[in-house]
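Number of protein chains: 2
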Amino acid sequence: MSEIPYKIYLEESEMPKEWYNVRADMKKKPAPLLNPATLEPVTVDDLSHVFCRELAEQELNETDAYIPIPEEVRNFYRMYRPAPLVRAYCLEKKLGTPAHIYYKFEGNNTSGSHKLNSAIAQAYYAKKEGLKGVTTETGAGQWGTALSMACSYFDLDCQVYMVKVSYEQKPFRREVMRTYGASVTPSPSMSTNVGRKINEEFPGTNGSLGCAISEAVEAATSQEGYRYVLGSVLGQVLLHQSVIGLETKAALDKYGVKADVIIGCAGGGSNLGGLISPFAGEMLRGEADYKIIAVEPKSCPSLTRGTYAYDFCDTGKVCPLQKMYTLGSGFMPSPNHAGGLRYHGMSAIVSELYDQGLIEARSVEQTEVFKAAEEFARVEGILPAPESSHAIKVAIDEALKCKETGEAKNIVFGLTGTGYFDMYAYEAYNNGTMGDYIPTDEEIAKSLADLPKVD
Amino acid sequence: MSEIPYKIYLEESEMPKEWYNVRADMKKKPAPLLNPATLEPVTVDDLSHVFCRELAEQELNETDAYIPIPEEVRNFYRMYRPAPLVRAYCLEKKLGTPAHIYYKFEGNNTSGSHKLNSAIAQAYYAKKEGLKGVTTETGAGQWGTALSMACSYFDLDCQVYMVKVSYEQKPFRREVMRTYGASVTPSPSMSTNVGRKINEEFPGTNGSLGCAISEAVEAATSQEGYRYVLGSVLGQVLLHQSVIGLETKAALDKYGVKADVIIGCAGGGSNLGGLISPFAGEMLRGEADYKIIAVEPKSCPSLTRGTYAYDFCDTGKVCPLQKMYTLGSGFMPSPNHAGGLRYHGMSAIVSELYDQGLIEARSVEQTEVFKAAEEFARVEGILPAPESSHAIKVAIDEALKCKETGEAKNIVFGLTGTGYFDMYAYEAYNNGTMGDYIPTDEEIAKSLADLPKVD
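Protein chains in written order, with this note's numbering: chain A, 63 to 517; chain B, 63 to 517.
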């Protein structure tokens with residue numbers, strides 16, 4: 063085996079030409095999405111009112127293990143992919159661990175995260191369908207930034223509804239989106255019915271992601287030639303994000319490295335699902351075994367403290383119902399939680415794999431997360447996003463266990479992005495004013511009491 | 063010749079093991095640095111009061127063409143280097159040009175720019191000399207960020223004097239520095255004699271780079287075990303930055319590409335000097351010919367409107383005198399100029415190469431620069447730093463000339479960094495409130511009237 067470099071870059075010719083659809087290898091599939099009006103399983107036709115037809119088909123495709131990546135998408139990928147698989151030599155040395163630590167770094171693009179992998183695919187299918195543009199919502203702006211880059215590339219109109227408090231207090235990602243030609247509207251706005259209604263009921267409201275979703279869906283369905291797009295949770299998104307795991311596996315295989323532990327942060331599950339898909343596929347086919355760990359914030363613990371049940375995907379309750387680990391669609395993590403991963407539920411695929419025991423879950427406090435982020439940044443150079451740092455925290459924990467046992471395990475984690483636009487959170491950590499916010503059992507029980515009744 | 067990928071990554075084994083010192087191949091050398099007190103050429107002993115001894119030696123070394131890169135520095139380089147040489151296929155297509163455009167991208171590290179290449183070298187020599195720490199100044203924080211990362215890696219104390227207005231209005235890079243363990247002091251401070259004096263004379267002042275330099279130098283020379291470090295202008299910095307040009311040349315050679323035009327932005331000259339060094343070396347040895355273009359802002363036009371003369375390197379007039387193209391050490395570009403590259407002078411090496419006719423210079427207006435930045439970002443994905451975008455602007459101009467003439471020239475430019483921390487400037491551009499600021503002949507003549515008298 064040749065010496066492993068600090069960064070393993072695949073050749074462009076080694077990049078995946080197909081996405082991998084892990085559902086095809088699952089004997090027990092995720093439960094079907096339900097139409098919120100009829101409580102019947104949704105059809106491609108149902109979904110096509112909101113999503114592009116080809117994406118609606120991908121959303122419901124449980125049989126094809128491999129789906130070709132269109133050439134136009136592969137050309138875009140080539141501008142920032144293959145992403146490096148980095149051997150964390152400096153972190154290993156700092157920890158004094160016999161473990162070998164690898165991380166797949168998805169932050170080497172202007173959107174600063176893995177979100178671009180799905181944004182470009184969704185924009186491509188919208189363009190191919192002859193649409194004029196797409197609408198979406200964004201909180202702090204990571205997904206909106208990725209989508210605006212993708213739309214700019216395909217010359218599509220991009221309308222982003224941005225939670226008002228972020229629009230006003232976090233102007234930087236807003237300006238990145240505008241630089242890429244997107245129109246960014248603070249939500250709730252006066253340009254949709256739902257926005258006007260909310261502004262009337264709650265004058266001066268700061269907005270919420272739920273409201274922004276509702277506005278974006280209304281904008282998509284009320285304009286000719288527009289569809290709505292979403293950056294996480296959905297099966298199509300995990301499909302596109304499988305490029306992360308496929309590249310990771312190809313890079314490990316190239317150097318004859320067998321992963322022992324695979325770690326990803328989990329909010330809606332897009333990164334985790336993408337990273338682990340090909341590895342989970344091997345497990346499902348009985349070809350290999352891995353310890354897979356999903357890491358979530360203690361302030362939003364859907365896997366570790368939620369219930370596996372049908373729930374609304376959005377607080378506006380306009381999207382299909384999905385069976386997933388959930389804290390209830392009305393659950394809101396503390397506004398003081400700065401670490402991201404705030405979604406109340408979890409991808410149906412990740413949820414089902416977790417329920418089947420292929421994935422473990424762990425929750426961590428945000429001050430521990432920022433401590434790990436800082437330790438990592440100081441030796442590995444990269445300033446990680448708070449979301450990604452959840453995985454760093456558990457990778458360090460696992461590496462320190464190896465130090466105790468003397469095991470030279472191969473630990474692989476997903477470094478989903480960079481923290482350049484999260485410096486207010488780092489400032490709070492640096493100033494010692496950051497706290498930990500753990501919901502009480504009563505709070506979780508209360509939001510779970512509102513689960514929809516599905517027989 | 064095999065097909066050229068979007069991104070040419072060298073193998074780690076192909077990375078340079080030596081820096082290249084272009085002065086060794088110059089028949090006419092840059093004029094010597096002068097001691098400001100005696101007006102005699104400075105010696106290594108003179109410089110060693112302020113700089114580490116090994117860096118002082120590098121500063122005055124005009125004879126060794128190659129200087130080994132210490133293994134510890136090469137190991138750090140391996141965390142973010144080799145940097146990709148990117149073929150701008152998408153930009154070429156957008157412009158409809160027959161030219162082939164390449165850019166060397168130095169923004170794939172947390173400091174966001176090429177500055178890290180010299181910061182890590184300077185931190186290494188400081189550590190090797192047994193120092194406790196280093197001091198420096200920073201404006202918006204690019205250099206300070208790079209240095210704090212480098213010091214963190216070698217466990218050196220890092221004291222950064224940050225221009226007060228930036229400290230208060232641009233908190234993000236400040237927090238990156240603190241995350242890497244640096245102490246960041248708004249300048250003028252009350253912790254140095256010069257700072258107290260300035261605060262007394264000008265209560266409520268916003269600070270300036272000149273003042274911050276003076277504070278940093280005082281802090282270095284008044285604390286046991288500290289030295290001062292600087293991120294541009296100096297010969298040692300250009301030496302370290304030659305890693306940019308060496309990698310670029312190796313990547314081009316690997317694919318049999320001969321550059322025709324090489325373009326770099328120029329403030330103090332660290333990026334431009336590093337990028338062009340090996341190419342200029344070939345020209346000096348009569349082995350090849352290139353068209354090399356230095357691009358500067360019209361608001362700070364040292365090469366295109368300055369004078370080639372001895373001047374102070376700092377507004378505090380404590381550093382050695384250097385012969386360079388200069389606008390006078392009292393020259394201040396308009397505070398409304400957001401495009402960076404604000405230094406009043408230019409690296410002595412770049413100045414001498416320009417004087418010998420090996421380099422051309424061009425100045426551009428900042429609104430043109432941001433227009434080019436936006437055009438580039440939309441097709442190539444990367445959001446460029448305003449500084450880097452000066453080179454983009456001229457690369458586009460040259461590519462459009464090729465479109466007229468039908469020539470398939472190979473155009474190479476340096477993309478020094480990313481613009482994530484420059485979103486206020488992008489916001490001004492997006493809002494149409496950005497202006498162009500061109501000094502009058504009278505303003506330049508006035509600041510040039512203060513040049514030191516050197517016979």
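To be clear, the hints were calculated from the coordinates, so they are not data collected in a lab. The model shown is predicted, which means the values in this text are computed figures rather than measured ones. Misleading hints may appear alongside valid ones.
Pairs count within a copy or across copies, as identical chains cannot be separated in the list.
What the hints assert, rightly or not - In silico BS3-like links for lysine-lysine, alpha-carbon gap of 30 Å or less: (1) Lys-69 x Lys-320; (2) Lys-189 x Lys-155; (3) Lys-69 x Lys-79; (4) Lys-189 x Lys-156; (5) Lys-433 x Lys-232; (6) Lys-433 x Lys-385; (7) Lys-471 x Lys-69; (8) Lys-69 x Lys-316.
How the hints compare with the structure:
1. Lys-69 x Lys-320: both (17 Å within a copy, 28 Å between copies)
2. Lys-189 x Lys-155: Result: close only across copies, 19 Å inter versus 48 Å intra.
3. Lys-69 x Lys-79: Cα proximity of Lys-69 and Lys-79: in one copy and across copies (22 Å, 18 Å).
4. Lys-189 x Lys-156: So Lys-189 and Lys-156 pass the 30 Å test across copies only (18 Å; inside, 48 Å).
5. Lys-433 x Lys-232: Both, since 23 Å and 23 Å are each at most 30 Å.
6. Lys-433 x Lys-385: neither (34 Å within a copy, 48 Å between copies)
7. Lys-471 x Lys-69: Cα proximity of Lys-471 and Lys-69: one copy only (19 Å, versus 32 Å across).
8. Lys-69 x Lys-316: both (13 Å within a copy, 20 Å between copies)
Hint 6 from the earlier list is the only one contradicted by this structure; the remaining hints agree with it.
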